[in-house]
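Visitor: Put together the whole structure using the sequences plus the hints.
As you go down the protein sequences, you meet chains A and B in turn. Those letters in the first sequence? Residues 58 to 316, by the working numbering. Those letters in the second sequence? Residues 4 to 246, by the working numbering.
These are computed hints drawn from the structure, not numbers from a lab. Hints should not be assumed to be uniformly reliable.
[As the list claims (entries may be wrong)] Calculated from the model, a selection of chain B residues having no Cβ within reach of chain A, i.e. all distances over 12 Å:
1. Tyr66
2. Gly110
3. Glu170
[What the hints assert, rightly or not] Derived DEER-like restraints, expressed as beta-carbon distance ranges:
4. A:Pro84 / B:Gly75: 20 to 30 Å
5. B:Asp210 / A:Gly157: 20 to 30 Å
6. A:Asp140 / B:Arg239: 28 to 38 Å
7. A:Glu276 / B:Ser141: 56 to 66 Å
8. B:Lys5 / A:Val241: 48 to 58 Å
9. B:Gly196 / A:Glu195: 30 to 40 Å
10. A:Glu237 / B:Asp210: 29 to 39 Å
11. B:Met4 / A:Ile185: 45 to 55 Å
12. A:Gly67 / B:Thr230: 19 to 29 Å
13. B:Pro234 / A:Asp142: 32 to 42 Å
14. B:Thr230 / A:Gly157: 35 to 45 Å
15. B:Met241 / A:Leu131: 34 to 44 Å
In this text, a Cβ means the ideal position worked out from N, Cα and C, and glycines have one as well.
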Amino acid sequence: MPVRSLNYTGRKRITKEEVAISLQEEPDGRIIFDADIRLRKGRNFPDDARIYVEAYRGSSATWMRFPFGTVGALVSPDTRLTDFDSADGILFRVRVTSVGAKQGLLLGEAEKIRPNELGELEPARRSILRVRSDRNLEQQVYRVDFEDGPVLLVNSSLGDWRDVVLDRVFLALVLPCVLEAILVRILSVDKYTDEVEEENTDWRSEWLVFAKSLPGVGELPNVEDKEVVNEWIESVVRTFCRKQRMLERYGEYWNRGDS
Amino acid sequence: MKLRRLNEKGLQDFADFIDRLALDPMLAPPSGILEDSEKSDVCRPSVEVERRRFSSRFEAAAYLYNKFIEAGISDSDLDRGVWAWLALLWFDQLCPPPGKKARGWPGEQARWIPTLSDYRKHYRHLLAGPWRAYRFHSGNIERARVLLCGPLYAPGDVSEQILSRQELVTNRGVVEVATRLYYDPLQKKLKRGAAGKGPGSARRYADVLNQFDVTWDLYEMGSNEITTLLPQEFDRFMAASRT
Chain A
58 MPVRSLNYTG RKRITKEEVA ISLQEEPDGR IIFDADIRLR KGRNFPDDAR IYVEAYRGSS
118 ATWMRFPFGT VGALVSPDTR LTDFDSADGI LFRVRVTSVG AKQGLLLGEA EKIRPNELGE
178 LEPARRSILR VRSDRNLEQQ VYRVDFEDGP VLLVNSSLGD WRDVVLDRVF LALVLPCVLE
238 AILVRILSVD KYTDEVEEEN TDWRSEWLVF AKSLPGVGEL PNVEDKEVVN EWIESVVRTF
298 CRKQRMLERY GEYWNRGDS
Chain B
4 MKLRRLNEKG LQDFADFIDR LALDPMLAPP SGILEDSEKS DVCRPSVEVE RRRFSSRFEA
64 AAYLYNKFIE AGISDSDLDR GVWAWLALLW FDQLCPPPGK KARGWPGEQA RWIPTLSDYR
124 KHYRHLLAGP WRAYRFHSGN IERARVLLCG PLYAPGDVSE QILSRQELVT NRGVVEVATR
184 LYYDPLQKKL KRGAAGKGPG SARRYADVLN QFDVTWDLYE MGSNEITTLL PQEFDRFMAA
244 SRT
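Guide: Here it is as C-alpha cells:
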C-alpha cells in the first residue's frame, strides 16, 4: 500500500462531503453507480484538470476507472461496474489530475469513499464491520480478510450474507471471534496505537475507538506487554458479549432446538 | 473436441486430484471427466478446441483469445468450470517437463481452478491469467510480451508483479515500460536479473510504481513519461534494451 502521508506536490485532499456516490441495480442485475461531485469553491483546480472516479475492492484487487470530464466541464460516463460480481465491499476514489506540462500530476484526491447502499437515498449508517459474500471459501463458513481493513467474508453458498449474519447462532458464536481476531491483528501483530481518536479514519483507530467505548474497558494497553494485551482483548470481548447479550441469544436457540 | 465446462461434481473431482497430486506427482489426471456428461457440460456458444502444444504463455493466450472471439464467447461465459476444464485438457502442458523442477508445484488450487470473484487469485490461473493479459493488450500485444513469455507451467515473478494488480496490468504505459525493461526480444525471454529482488528488478518496479501512485496518476501518463520518472537503479535494464 502506498504511504499517503507524504505530500511534496501540494496535492489537495478532497473531502467526503464533496463527493457522494450511490449504487443502483439495473433490471438486468448489473450494478451502476452515480457520483455527485461538488468540489468546494476555493480549490483552485485548473478548469482543464481531469476528474476520474475509480471503483475498487481490496487494495490490489478488482478495479475500474471512469472519466468524469474536467473540473470546468463534468460529464457522466457509462458507470456500469461490469468487472464486479456484486456490490459488496466496493469502495471509490476520486482523482483530479493535471494535463499539459505536468501530465498526470495528482492535484487532488479523495480515498476510500463508501457508497450508499443499493437503493438508499441517504448516506448509510456506517457499520464498523464490513461484510460481503465470497465464492471461494470452499468448506469454510466464514473468514476474516485483512487485505484492506477487516472484512468478514461469508460463504456465498449459504445465500444472502445478510440473512447469515443476522442469525442468532452465527451472531453469538462468530462475532466475538471476529472481534478478537481483529484486536489481535491491531495490537499484537501491527502493534498499532497511533492517534486513536474519532477523526482518524485508519481502520485500526476506528476499531480501537469502538473497543474503548465499551463500558469499563479503559485505556489501551502497552502493546509491548503481551500478557496485558491479551487480558485487555479478553476484557473487550467479554464486555462486547455482555452488551450484546450473546449467551441469551444462543440460549434461545439451544433451549428450543431451532434457529 | 468441443469446449465444455466442469460442473460441481467435475470441479470436486479435479480439486481432489490436485490435492492428491502434491503427495503423488505421478498420479494420472482424471481425463475421463472431460467428456463425462455427469461431470461436465458442453459450452454454448459451441467452440472446437484441440489437444495441442503451446511453446509459451503467449501462444496459448493468443490461441484462446482468437478462439473465444471467433465463437462469440463473452467474459460471462468463461466461468471457473470452463477454465478448469481447459486446465485438465492441457494438463500435461501445465506440468513441468520431466527433469524440470517448478517451485511449489502443483501449487494452490487457484492455478488450476480459478477463483473468479477475487482478482488477486484469478490471475494465478495458468490459462486465465495469460488470456486476461492478452485481452487487455490485444490492440498492441507486443507491449505485453513481458507478461506472456516463458512456459505455461512457470508464470514467474515478473508477470506476477504486474498481473496481480488490475490497475497495473490494464495500464498501457506501465506494461510497455515493463516490457522495455525486462523483455529481451532477440532471446524472446526475460533479461537476467529481472525476476530477482535486486535493484531495478520487477519487484522494485512494482514498489516504485506504488510510490509514484501517491503523486502521479499513472493512467494519465505514457510509457515515455513513466520512464523519465524511474530512478537510476533501472538504468541497467533500460540500457540493455537499447543495445
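Visitor: With reference to the structure, classify each hint as holding or not holding.
Guide: Going through the hints against the structure:
1. At roughly 24 Å, the least C-beta separation between B:Tyr66 and chain A is larger than 12 Å, which holds for a residue marked as non-interface.
2. The claim that B:Gly110 is not at the interface with chain A holds, since no C-beta of that chain comes within 12 Å of its own (minimum 15 Å).
3. The beta carbon of B:Glu170 is not kept farther than 12 Å from every beta carbon of chain A, the shortest such distance being approximately 5 Å.
4. At about 24 Å, the CB distance of A:Pro84 to B:Gly75 agrees with the hint of 20 to 30 Å.
5. Hint check: B:Asp210 to A:Gly157, Cβ distance near 28 Å, so the stated range 20 to 30 Å holds.
6. The given range of 28 to 38 Å is respected by A:Asp140 and B:Arg239, whose C-beta atoms sit roughly 36 Å from each other.
7. Remark: the range hint 56 to 66 Å for A:Glu276 to B:Ser141 is upheld by a beta-carbon distance near 58 Å.
8. Distance hint for B:Lys5 and A:Val241: a CB-CB separation of about 51 Å, consistent with the stated range 48 to 58 Å.
9. Evaluation of the 30 to 40 Å hint for B:Gly196 and A:Glu195 yields a pass: the beta carbon distance comes to about 38 Å.
10. Taking the beta carbon of each, A:Glu237 and B:Asp210 are about 33 Å apart, inside 29 to 39 Å as hinted.
11. Separation of B:Met4 from A:Ile185 is about 52 Å and conforms to the stated range, judged on CB atoms against 45 to 55 Å.
12. Hint check: A:Gly67 to B:Thr230, Cβ distance near 24 Å, so the stated range 19 to 29 Å holds.
13. B:Pro234 and A:Asp142 have their C-beta atoms about 38 Å apart, which keeps the hinted 32 to 42 Å range intact.
14. Separated by about 19 Å at the C-beta atoms, B:Thr230 and A:Gly157 break the suggested range of 35 to 45 Å.
15. Range check, B:Met241 to A:Leu131: about 39 Å between beta-carbon atoms, so the 34 to 44 Å window is met.
Violated hints, listed in ascending order, are 3, 14; each of the other numbered hints is respected by the structure.
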